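Chains A, B, C and D are the protein sequences, given in the same order. Residues -19 to 438 (our numbering) are what the first sequence spells out, left to right. Residues -19 to 438 (our numbering) are what the second sequence spells out, left to right. Residues -19 to 438 (our numbering) are what the third sequence spells out, left to right. Residues -19 to 438 (our numbering) are what the fourth sequence spells out, left to right.
Treat each hint with caution, since some may be false.
Said to hold, decoys possible - Cut-off 27 Å, straight-line C-alpha distance, at most; resulting in silico cross-link-like pairs (DSSO-like, lysine-lysine):
#1 C:K(-18) to B:K356
#2 B:K(-10) to C:K379
#3 A:K116 to B:K304
#4 C:K(-10) to D:K116
#5 D:K379 to D:K355
#6 D:K(-10) to A:K(-18)
#7 D:K(-18) to A:K356
#8 B:K356 to A:K304
#9 A:K(-10) to D:K379
#10 A:K355 to D:K356
#11 B:K(-18) to C:K355
#12 A:K304 to A:K(-18)
#13 A:K(-11) to D:K379
#14 C:K(-18) to B:K355
#15 C:K116 to D:K(-10)
#16 B:K(-11) to C:K(-10)
#17 B:K(-18) to C:K379
#18 A:K379 to D:K(-11)
#19 B:K379 to C:K(-11)
#20 C:K(-18) to B:K379
#21 D:K356 to A:K379
#22 C:K(-10) to B:K379
#23 C:K304 to D:K379
#24 D:K379 to A:K(-18)
#25 C:K304 to B:K(-18)
#26 B:K116 to A:K(-10)
#27 A:K379 to D:K(-10)
#28 A:K(-18) to D:K355
#29 D:K304 to D:K(-18)
Simulated from the structure, these hints should not be mistaken for lab results. Since the structure is predicted, the reported quantities are computational estimates derived from the model, not experimental observations.
Number of protein chains: 4
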Amino acid sequence: MKPTRSRLKKPMAEAVQRYTASIAYDRRLAPYDIAGSIAHARMLGRQGVIPGEDAEAIVAGLEAIGREIAEGAFPFRDDLEDIHMNVEARLAERIGDVAGKLHTGRSRNDQIALDMRLFCKDAAAQVQDGLSRLRKAVLEQAEAHVETVIPGYTHLQRAQPVLLAHHLLAYDEMLARDGERFAGCYGRADVMPLGSGALAGAPYPFDRESVARELGFSRVSSNSMDAVSDRDFVIELHAAAAIAMMHLSRLAEELILWSSTEFGFVELDDAYATGSSLMPQKKNPDVAELARAKTGRVYGHLMGALTVMKALPLAYNRDLQEDKEALFDTVDTLTSTLDIFAAMLGGLRFDPERMRQAATGGHLLATDVADYLVKKGVPFREAHRIVGELVRQADDQGKELGGLTMEEYQRVSPEFDRDVLAIDVSTSIAARSLPGGTAPRQVRQAISEAKRRLSDDG
Amino acid sequence: MKPTRSRLKKPMAEAVQRYTASIAYDRRLAPYDIAGSIAHARMLGRQGVIPGEDAEAIVAGLEAIGREIAEGAFPFRDDLEDIHMNVEARLAERIGDVAGKLHTGRSRNDQIALDMRLFCKDAAAQVQDGLSRLRKAVLEQAEAHVETVIPGYTHLQRAQPVLLAHHLLAYDEMLARDGERFAGCYGRADVMPLGSGALAGAPYPFDRESVARELGFSRVSSNSMDAVSDRDFVIELHAAAAIAMMHLSRLAEELILWSSTEFGFVELDDAYATGSSLMPQKKNPDVAELARAKTGRVYGHLMGALTVMKALPLAYNRDLQEDKEALFDTVDTLTSTLDIFAAMLGGLRFDPERMRQAATGGHLLATDVADYLVKKGVPFREAHRIVGELVRQADDQGKELGGLTMEEYQRVSPEFDRDVLAIDVSTSIAARSLPGGTAPRQVRQAISEAKRRLSDDG
Amino acid sequence: MKPTRSRLKKPMAEAVQRYTASIAYDRRLAPYDIAGSIAHARMLGRQGVIPGEDAEAIVAGLEAIGREIAEGAFPFRDDLEDIHMNVEARLAERIGDVAGKLHTGRSRNDQIALDMRLFCKDAAAQVQDGLSRLRKAVLEQAEAHVETVIPGYTHLQRAQPVLLAHHLLAYDEMLARDGERFAGCYGRADVMPLGSGALAGAPYPFDRESVARELGFSRVSSNSMDAVSDRDFVIELHAAAAIAMMHLSRLAEELILWSSTEFGFVELDDAYATGSSLMPQKKNPDVAELARAKTGRVYGHLMGALTVMKALPLAYNRDLQEDKEALFDTVDTLTSTLDIFAAMLGGLRFDPERMRQAATGGHLLATDVADYLVKKGVPFREAHRIVGELVRQADDQGKELGGLTMEEYQRVSPEFDRDVLAIDVSTSIAARSLPGGTAPRQVRQAISEAKRRLSDDG
Amino acid sequence: MKPTRSRLKKPMAEAVQRYTASIAYDRRLAPYDIAGSIAHARMLGRQGVIPGEDAEAIVAGLEAIGREIAEGAFPFRDDLEDIHMNVEARLAERIGDVAGKLHTGRSRNDQIALDMRLFCKDAAAQVQDGLSRLRKAVLEQAEAHVETVIPGYTHLQRAQPVLLAHHLLAYDEMLARDGERFAGCYGRADVMPLGSGALAGAPYPFDRESVARELGFSRVSSNSMDAVSDRDFVIELHAAAAIAMMHLSRLAEELILWSSTEFGFVELDDAYATGSSLMPQKKNPDVAELARAKTGRVYGHLMGALTVMKALPLAYNRDLQEDKEALFDTVDTLTSTLDIFAAMLGGLRFDPERMRQAATGGHLLATDVADYLVKKGVPFREAHRIVGELVRQADDQGKELGGLTMEEYQRVSPEFDRDVLAIDVSTSIAARSLPGGTAPRQVRQAISEAKRRLSDDG
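Full structure from sequences and hints, please.
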């Protein structure tokens, strides 16, 4: 009979065991579980709740088990349900009855809260690393393309020319915000729950602060019922990851578009492309496609986690067990996508000539022509109307706006002078020279600033 | 170099391999993949696209591989990406170059569509079985409790007495509807896509209908681009499963409520209950809690699948690979929950005495008293007002409605006669004798009808 | 005091009234509510539950109220909470106390279930109409482009040439499946719940079948507790709509891509395009963008509806009130998107020349060359390798595959003869002549079949 | 012709107008839009981009329009699409052509980003207020019940006695975390985007910092492309709201449970309860039910917002228009739920006697008995087994654990002494005296701490 079933008269049905066991996935928490148990046992000894030599035996046993697990030699048993009972049972095999003292004043409810919080702190830190590496890769491409022109799009229609570096820096902004959100996640996970017992608190003279210090937490939980039933920190991590994956899906979409024959702005390194089982000519951006799709997985996990928690009465309910698999998958999905994007970005070969050419078609300078008129005192709305008329005339003749003659300009508005013909991609870009604009001076400064910020974050 | 990378000049980066490989989970599709390949090879032979002896060699090789996989002896290789390439590579090891003819006129795009459709048909059928077993268990408890009274609730407030059988039959209705939805899923999955090639159709004289017949499909797909890019059948299965899990979450909630000390209506068999690591007295309904929580998992997968498909241009995109893990998990979650609920339901011990007692408190007969007045010609709204007044008076005296004296009744309305005192739980239930009502006669008939329907569905 | 508060000693707090009132949106159900009440009243009269003249007075009063609402003259009152109480109160104003007899044997629980089912049936039918109109528009464009060639894409890389008609027919397939799903929704909504009372059934000799007939339902509900607590039909409608919006988001994405300067395959009619407040040259596909985005709205409503129903105990809970606004919005979103797409599609101007040109670049015939070798007896895998090599050589020389010389072909494989040079876009398309393939003959037949099916559905 | 359609040759189709117009809901942004325009116009004047008197005329016109809107006198026009064009058109009516200068160097893309950020900052602040008020109400009930005992539950089974105040304080923890998250939202919304133009930055000598200061922003955006395409701040607000609603759904669930006849722990004030249209005796907790259900609405909006943003290429796409309605609804839902809960909580009448009685049943002191043994040196696991055995014996005799005789205790373990009989609810609670535990001393301190923290936050 399991040690938890003291009052039940029958063993668990085999199907129940299968349905309820979590050891298949919560074994991933083993290092955290053992670290937590060691800190707990040491504190039990320090506070005299159990004899010092018992604490030492327990700690030594747990350390040995930790090594066993690290080496892949630990005999995980499904019938022991979860990582906690697996470790405790193994401890009893190793050190005998004294193992039974480890769980003093502790419940699996506060124990799993501890494990999950330790995991989330590590996960948030790992995501931060991944974000930093990707930002570094983005900034390197930006630095390499501080003079490369690309059409800026709105509505996927060419809008105004921008520097490729400026475009790439938009992703640095997104990823930097992701970093802030994960810092928030880290902070709210950074609370030590042991001492909460099953729900009401432990009736022993524990030193909770010392356990927190040993485990690297910055504070202890303030309410035992909240401590065992709170999974905000898990949901928040999913939410931050969902936003980060959304950003990556946007970058993925652009890589897919840009590497299409129609755009032709970039070529993936062959090592980061895939072929087709049927069509011999194909070179496909599968990594970007998968990243785009994996966004769905993370969105789904967020929704799942929110659903689990809806309308649960206090305190611990077994529903909370469902917090783990999705969390692990979200963290693995995000970190692996960050890593492969960082690597893939380095291998992108942009085609500056093709991009510049694209930036000169599609009347991208129409706004500049309107701004020209504004500077001559024409109200903007009137200038917009005038230039719209010019675009229509140019279109009807199959020309670009820049291909109209001086006479054609002046027929629509007498405000035009010869200097209107000087408007080109370079003047357009250079003109946007406010902080945050695409002018080379601003972009260079933005890169410096981004590098400084990245090194602060990293 | 992989056989798909004929034009690429570099091998795939190791990280890309890890990121894109699906063999860790799509190996589950092996039986379907092999069955599809066998049917394809036979057809290639029959139609003279490849020599008959080549077809025979391929079929024999695939059959041997099928056995190898069934026995767990197949050497799955991560570097071969997916189940298709694993099987094909193994076939080449076994039968040599002729293996290279198997993929004639086929792409992984239509091949995976086939595998997924075969899987979904099986999954839908398996869910149907699970639904039938659970409905059987529900009906058995209903039959056992056709005279057991329970308070019917609205807003979790006691509302009117009903038969427990009547309450349970509500779940049979839900599960029967689930069955209908899965039948719809089955029907829309039942379309054979081979012959669609990568997207444009195969340029060979294939006999698609014969492949469909051999594989048990009732029709072939009508448009090759749709055939390789459609995953409606996957999403629909998630949606049907989400609704089914929602139903199970409601039943789970009621089991959790009813087995609380406060309700005390039912006791779980010890084999289906769990204990606590800390509190020796606990007997917890963990199975029901986990089922309730697993609803979130399935909701999440539905959302994930919808997200993946949003705004994908035609035809196949690698994004579609993300359809698998979530689908497998949804199917496993639903079928295992159906199974364990069917088993657990049989072991429930209801406490009819306690339920009847609960049904006599809380003024549950107030509506009957109002209906009594209506039958005397009082407009319903007026009757509602009168009985509301009586309830208030009874409450103020700490009595049940039935505890008021004749005089007290008549003081509020002269329409009351002594026969109002005859209203009790049994008359209340018996009065609701329309089809679909809780009167014993109706409930018995509903059980018969449900059993007949179940045996039709099963 | 409200007529529902007979036993409560205080009026509802004003904030509660605001929080709980639904009249701001459920007034949309007025026609259904009144139709249901008329059928109920007539039946009460027919069955002698209330005097015939009372029934007639009620029916006449309700009809007058119906006209009042249709004319916008009905004085909706927030303090009366919902449509049911608004109508009933107005009825009392018009016909006096006899109005109080209408609610005999009825509860708002079965009444709202009725209203919602009537609404859903109408909504499903309206969606079917919208689907038919859009399919008609798709088929018209397909018929107009049965000889227009377009590159078929996988991974957004050019893959094989297809007919534009073939590409468009893929959407007809999707929309036809949507139609099937909405037919399923209609069927499961088509159940008449009146007679279920609050939850236990009505204690009167009602003729439920006659009410069903009068209201156009094909059957009555079988279990009163299920009848008042079931919202499967709402969720199912959201799910079907989510899939339909997903299809529309794919079409939207393609329209956005195709109308970009880079693709240049199609031009929107100016009446269906928008401009920019700043950039005078812009012509933006905002309709397609909004449709793509509105997918999110419908996905969200599906998730919301599933969340609401999770773990609700039987029978009616006020939570169910949250079923309405999202449903209305889903129906409006889907039907308006279907309508505007049908209109917009008619105005698309494709550029066949540009599409054909695109279909001749990107080595789209590589698979055909491989198939050529297969027909000469080369195993497909070997043929794939050979053509991959050719593509690489062509790429290195900046040529298309078709630009290689006979000598270059033969240097890679001696199997090549001069007839390999005859492979072109037309032969490639014509070769894919299986059912479901892109060959003109098949596509023409597919259009005929689709038109026949549409007229059957319509 | 609309001022944005300068180059288009046809007016917008009427259906397109309806489909794309946002004025029905974005009029809510009017105060922000006008404030932004005023700040922009002033800066245009200050920087000499337009003449000072023009700027003054524009500002005066906008102020007048602001008053018109506040008074409900503004003639909103659907054909003008959105709030921006409505205001600009009205300005032209009021001040003539000079109005056309307002949009200089601005696009609707950066303008709407500004409006949304101003809205989100206000919304976050409003939520903070609502959270504070609810926390105050929670703390008041906690202070009133610092000696009231309630059974603490896990798995909805009675677990250990706790103070009601301790239970309520768990909600203060949740709400305090919500406050932290909304502070994060506020911070990331607090970025001024004007000057970003359509996507590339404005080509005028703007003073962005001064605009930011005037509008109360703490910094300006760093990248124009990110500034017009970022909606992280909207999604984040949905995510924080989803978690907050989840917390409220838990509290709602407990109020529903506690006010059931079975629990009977609390009675709602009649002003916060509802009745039934059919059953005269009902007193229903509809507010709590609706709050529980509205969780679904907010979850859905979060999912919708994430879906909208998935895989959008830079920079602005019309998809972003879909950010508004859901956001408004999320904010309204959360703030109204916070407000009504704060009011409702004050009117709760707890039944301390009934709760204490419940806390003495169900062997709630079993853990204390085990801890008793541990303190005598019995390893915890052994103690758990012993007490489980005692519970079983007590159950078999239909007794509580405390009802066993000394002899019965000692028959199971000789470690028991008479002092075991002194264990009762009060000693159990008092024993849990660590920080975060339920002992009265700790709870009093936790209340003080919470009040201090609340006044810091408020």
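A quick look at each hint next to the structure:
Restraint check for K(-18) of chain C and K356 of chain B: satisfied, since their Cα atoms lie roughly 24 Å apart, inside the 27 Å limit. For the suggested pair K(-10) of chain B and K379 of chain C, the alpha carbons sit about 21 Å apart, so the restraint of at most 27 Å is met. Taking the CA atoms of K116 of chain A and K304 of chain B, the gap is near 33 Å; set against the 27 Å cutoff, the hint is violated. Between the alpha carbons of K(-10) of chain C and K116 of chain D the distance comes to roughly 25 Å, so the proposed pair stays at or under 27 Å and holds.
For the given pair, K379 of chain D sits about 25 Å from K355 of chain D by alpha-carbon distance, which is consistent with the 27 Å threshold. For the hint linking K(-10) of chain D to K(-18) of chain A, the alpha-carbon distance of about 78 Å lies beyond 27 Å, and the restraint is violated. Between K(-18) of chain D and K356 of chain A the CA atoms are separated by roughly 24 Å; this keeps the pair inside 27 Å, and the hint holds. A C-alpha spacing of about 62 Å is found between K356 of chain B and K304 of chain A, which places the hinted pair above 27 Å, so the restraint is violated.
Between K(-10) of chain A and K379 of chain D the CA atoms are separated by roughly 21 Å; this keeps the pair inside 27 Å, and the hint holds. Simply put, K355 of chain A and K356 of chain D have alpha-carbon atoms about 90 Å apart, too far for the 27 Å limit, and the pair is violated. This hinted pair checks out: K(-18) of chain B and K355 of chain C have alpha carbons roughly 23 Å apart, not beyond 27 Å. This hinted pair checks out: K304 of chain A and K(-18) of chain A have alpha carbons roughly 23 Å apart, not beyond 27 Å.
Pair hint K(-11) of chain A plus K379 of chain D holds up; C-alpha atoms about 17 Å apart against a cutoff of 27 Å. With a C-alpha separation of about 23 Å, the suggested pairing of K(-18) of chain C with K355 of chain B holds against the 27 Å cut-off. A C-alpha spacing of about 25 Å is found between K116 of chain C and K(-10) of chain D, which places the hinted pair at or below 27 Å, so the restraint holds. At most 27 Å may separate the alpha-carbon atoms for a hinted pair to count; K(-11) of chain B and K(-10) of chain C exceed this at roughly 81 Å.
For the hint linking K(-18) of chain B to K379 of chain C, the alpha-carbon distance of about 25 Å falls within 27 Å, and the restraint holds. Annotation: proposed proximity of K379 of chain A to K(-11) of chain D holds, straight-line Cα distance about 17 Å (limit 27 Å). The straight-line distance between the Cα atoms of K379 of chain B and K(-11) of chain C is roughly 17 Å, inside the 27 Å bound, and the hint therefore holds. Between K(-18) of chain C and K379 of chain B, the direct Cα distance comes to roughly 25 Å. Compliance with the 27 Å bound is thereby established for this hinted pair.
Taking the CA atoms of K356 of chain D and K379 of chain A, the gap is near 96 Å; set against the 27 Å cutoff, the hint is violated. For the hint linking K(-10) of chain C to K379 of chain B, the alpha-carbon distance of about 21 Å falls within 27 Å, and the restraint holds. At roughly 50 Å between alpha-carbon atoms, K304 of chain C and K379 of chain D are farther apart than 27 Å, so this suggested pair is violated. Our distance criterion of 27 Å between C-alpha atoms is met by K379 of chain D and K(-18) of chain A, whose separation comes to about 25 Å.
Proximity of K304 of chain C to K(-18) of chain B is assessed by CA-CA distance (about 54 Å); at most 27 Å being required, the pair is judged violated. Distance restraint check for K116 of chain B and K(-10) of chain A: the Cα-Cα separation of roughly 25 Å lies within the 27 Å cut-off, and the hinted pair is therefore satisfied. For the hint pairing K379 of chain A with K(-10) of chain D, the CA-to-CA distance comes to about 21 Å; that is within 27 Å, so the pair holds. Between K(-18) of chain A and K355 of chain D, the direct Cα distance comes to roughly 23 Å. Compliance with the 27 Å bound is thereby established for this hinted pair.
Restraint check: the Cα-Cα separation between K304 of chain D and K(-18) of chain D comes to about 23 Å, which is no more than 27 Å; the hinted pair holds.
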